[in-house]
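K.L.:
If you want the building blocks of each chain, they are given just below.
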Amino acid sequence: DGGITQSPKYLFRKEGQNVTLSCEQNLNHDAMYWYRQDPGQGLRLIYYSQIVNDFQKGDIAEGYSVSREKKESFPLTVTSAQKNPTAFYLCASSIGGAGETQYFGPGTRLLVL
Amino acid sequence: AQSVTQLDSQVPVFEEAPVELRCNYSSSVSVYLFWYVQYPNQGLQLLLKYLSGSTLVKGINGFEAEFNKSQTSFHLRKPSVHISDTAEYFCAVRVLGGNTPLVFGKGTRLSVIA
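Chains as they are written, first to last, in our numbering: chain A, 1 to 113; chain B, 1001 to 1114.
Simulated from the structure, these hints should not be mistaken for lab results.
Quantities reported herein were computed from a predicted structural model and do not represent experimental measurements.
Keep in mind that the hints are not guaranteed to be accurate.
With a Cα cut of at most 16 Å, we get these calculated EDC-like pairs of lysine to aspartate or glutamate [unchecked claim]:
(1) Lys1106(B) with Glu69(A)
(2) Lys1106(B) with Asp59(A)
(3) Lys1069(B) with Asp1085(B)
(4) Lys1049(B) with Glu100(A)
(5) Lys83(A) with Glu62(A)
Per the computed footprint, the stretches of chain B lying under chain A, defined by three or more beta-carbons under 8 Å from a beta-carbon of chain A, are [to be verified]:
(6) 1037-1050
(7) 1072-1083
(8) 1105-1112
Don't be surprised by glycine CBs; every beta carbon is placed ideally from N, CA and C.
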């Protein structure tokens, strides 16, 4: 089955700890995205990558980092600099072209202990 | 820059009644328009999208939306809702001619009451 997988489904972070959220796709899509979702705020873009070994900051990149070493993988690290990391994180991917659909993974819920 | 305004944060409606979820956008350039649905604790699923052509777009699950360029709107409608339509709905825009990310509205929570 083609699709996007995110792991883990739930993740707990201690104060001062970095955590990494996994996102893998087998759709052969060039572009991948990370969004953060908070209640009543919609989806806000953290980072995106249009091609391997290249990525751009979104609207709320502070406290986050990414890498894109392989086409199918786009992991997101939530660093200790992100003071309010509790949220639902969604990964998406799309083939090239503005009219193309962005497909979403099932999400990872991050909670701070 | 583009922006999307979803005018209602919550919409309660009785089962089998019609519903309209409103979306307005702002952009200095032409855009593509999308509606997504999110069920609790899940990712987003595409309902429909407008790229060009007929301004009335039909999507999955009996939903449709109408693009109105003069009013910069893209309202979502369904003539008769079911309990299973209870979810959050997001309107989004994307600029033509590139692979820039979608810009989302804040969402409308549709609650269908039996």
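K.L.:
Against this structure, judge whether each hint is valid.
P.N.:
Cross-check of the supplied hints:
no.	hint	verdict
1	Lys1106(B) with Glu69(A)	violated (32 Å)
2	Lys1106(B) with Asp59(A)	holds (15 Å)
3	Lys1069(B) with Asp1085(B)	violated (27 Å)
4	Lys1049(B) with Glu100(A)	holds (9 Å)
5	Lys83(A) with Glu62(A)	holds (10 Å)
6	1037-1050	holds (count 7)
7	1072-1083	violated (count 0)
8	1105-1112	holds (count 3)
Hints 1, 3 and 7, counting from the list given before, are not met by this structure.
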